[in-house]
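> Next come the chains, spelled out residue by residue.
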Amino acid sequence: MHSGGSISSTMLLAIPRRSPASGVANAKPSDVGDDSDERLLERYLNGDNAAFRGLISRYERELYAFLARFLGDRAAAEDVFQEAFLQVHQSGHSFDPSRRFRPWLFTIAANKARDLMRSQARRPASPLDAQISPGANGEGGTFIDLMAADVPPIDEPARRTELGLQVRKVVDEMPDHLREILMLSYFHQFPYKQIADILEIPLGTVKSRLHAAVASFAHGWRDEHGLGVDGTASSNGHATTDDD
Amino acid sequence: MDESKTNTSKQPEALALGASDAQAVDALLDRAGTMDGATLAGEAPRVQAAGQLLGLLDAMPAPIPSDGLAQRAMDRVLESGPAGTSAAALSPTLSKPSGSVGRTFANAPDAPRG
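Protein chains in written order, with my numbering: chain A, 1 to 244; chain B, 1001 to 1114.
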C-alpha cells in the first residue's frame, strides 16, 4: 500500500493541473489589460464602464461553466450569470478591495443559483452531507482503490465523448450541495478556506462535504456501471449530517 | 437488507470514505497544501487512485456560453441604472435575489466593510 515513488510525479500523473477556468481561456479585452479584478471593479466604481465590461468578459466562460455544471441548465446558468453581475453592480461599493474579487463573485453566483433551485424545486430536497464514517470493518471505504482499476483511458475522442456523457449523468444525479462543492474544488480550484467563505460553512464541513462528494461521485460511477461500491452489491446505509 | 432503509432516490447513501482515502482527496484538492510531505508520500497510491477517479470529471465537456452573454450582462447592468437605485436587480426567477449574497462572508456585498 505504501509503495515508493515521488509524490510530485505521482500527483502529476494522478490529476493534471489546469487553470481555474477549466482549461478554457477567458476573454481578455485589451482595455482591461493586466489589471486585477479588484482594480477593474475599482475603476468601474469610479465611472469606467469599460472596466466592468472587461470584468464580465474575464469571467464569462469560467463563471458560466460553474453555473451550467451546477444548475444543469444552460439557460438558467446564463440568467444567473447576468443576475450575479447585476448584483456586483448593485453592491460593488460594499466590496472590500483588500479582499479577493473572485471568491466574492462566486459567493454571489452560488447563492443566486441555490435561490433559483429552491424556487423551482428542481430537485428533491437534498439532505445534509452523507456522513463519512468507517465501514463495518473499521477500515472505511476502499472504493477509490477499486475505482482505479475501472477508470478507462480517455485519450480516444469517441470514447471520451461517450465517457463524458456517462460522467455528466453521474454528476447531474449527485445531490446539489455535493455537486456544487465538487465543482468549486475540482474545476475552479478554490482552496478549502475560500470554499468555506463562498459556501458560508465551517472549514471542517468543507472537508467532510467534499469527501462525501467524492464518495457520491464514485458510488454513482459504480452504479452507472452496474457494480456496487464493494464490487458485488450496492452499499446501503443511512445518511446523517456532518455539519458542524 | 432492510429495504425500508434503502434510499432509492438521488439522495446520497451513507458512503464510507476511509481516513486514508480522505487524506488522498485532501492532498489533491486542498490547494492550501496543509498536508505534510511525509503523509503525502505515504498516501501516494491512494492519491493516484483518487486522481484517476477525479480525472473522470475531465471527460465532461466544458460548457460554453452562447455568443454575447457578457454583452447581455453588461446591457442589463446599464439598463438597471446607478447602483442601488433600480429594482431591475430583482429577477422574476429568483426568490430573494437582492439578499442572496454571502451573509457571513466578510467580503460579501451586504456585509460590513472590513
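You may find that some hints are simply not true.
[Stated by the list, open to error] Negatives, chain A to chain B, calculated, CB over 12 Å:
1) Ser-36
2) Arg-53
3) Glu-60
4) Ala-65
5) Glu-83
[As the list claims (entries may be wrong)] Beta-carbon label-pair distances, calculated as ranges:
6) Asp-34/A - Glu-1079/B: 44 to 52 Å
7) Asp-96/A - Asp-1075/B: 21 to 29 Å
8) Asp-35/A - Gln-1071/B: 13 to 21 Å
What the hints contain is simulated information worked out from the structure, not anything from laboratory work. In this text, a Cβ means the ideal position worked out from N, Cα and C, and glycines have one as well.
> None of the hints should be skipped; say for each whether it holds.
Consistency of the hints with the structure:
At the 12 Å boundary, the C-beta of Ser-36/A stays outside the reach of chain B, the nearest C-beta of that chain being 15 Å off. The beta carbon of Arg-53/A sits about 5 Å from the closest Cβ of chain B, which is not more than 12 Å, so the claim that it is off the interface is violated. Non-interface call for Glu-60/A relative to chain B: violated, since the shortest CB-CB distance, roughly 4 Å, does not exceed 12 Å. Residue placement check: Ala-65/A does not keep its beta carbon more than 12 Å from all beta carbons of chain B (closest about 5 Å).
At the 12 Å boundary, the C-beta of Glu-83/A falls inside the reach of chain B, the nearest C-beta of that chain being 5 Å off. Under the hint 44 to 52 Å, the C-beta atoms of Asp-34/A and Glu-1079/B, about 30 Å apart, miss the expected range. Remark: the range hint 21 to 29 Å for Asp-96/A to Asp-1075/B is upheld by a beta-carbon distance near 28 Å. Distance hint check for Asp-35/A and Gln-1071/B: the Cβ-Cβ separation is about 20 Å, which falls inside the suggested range of 13 to 21 Å.
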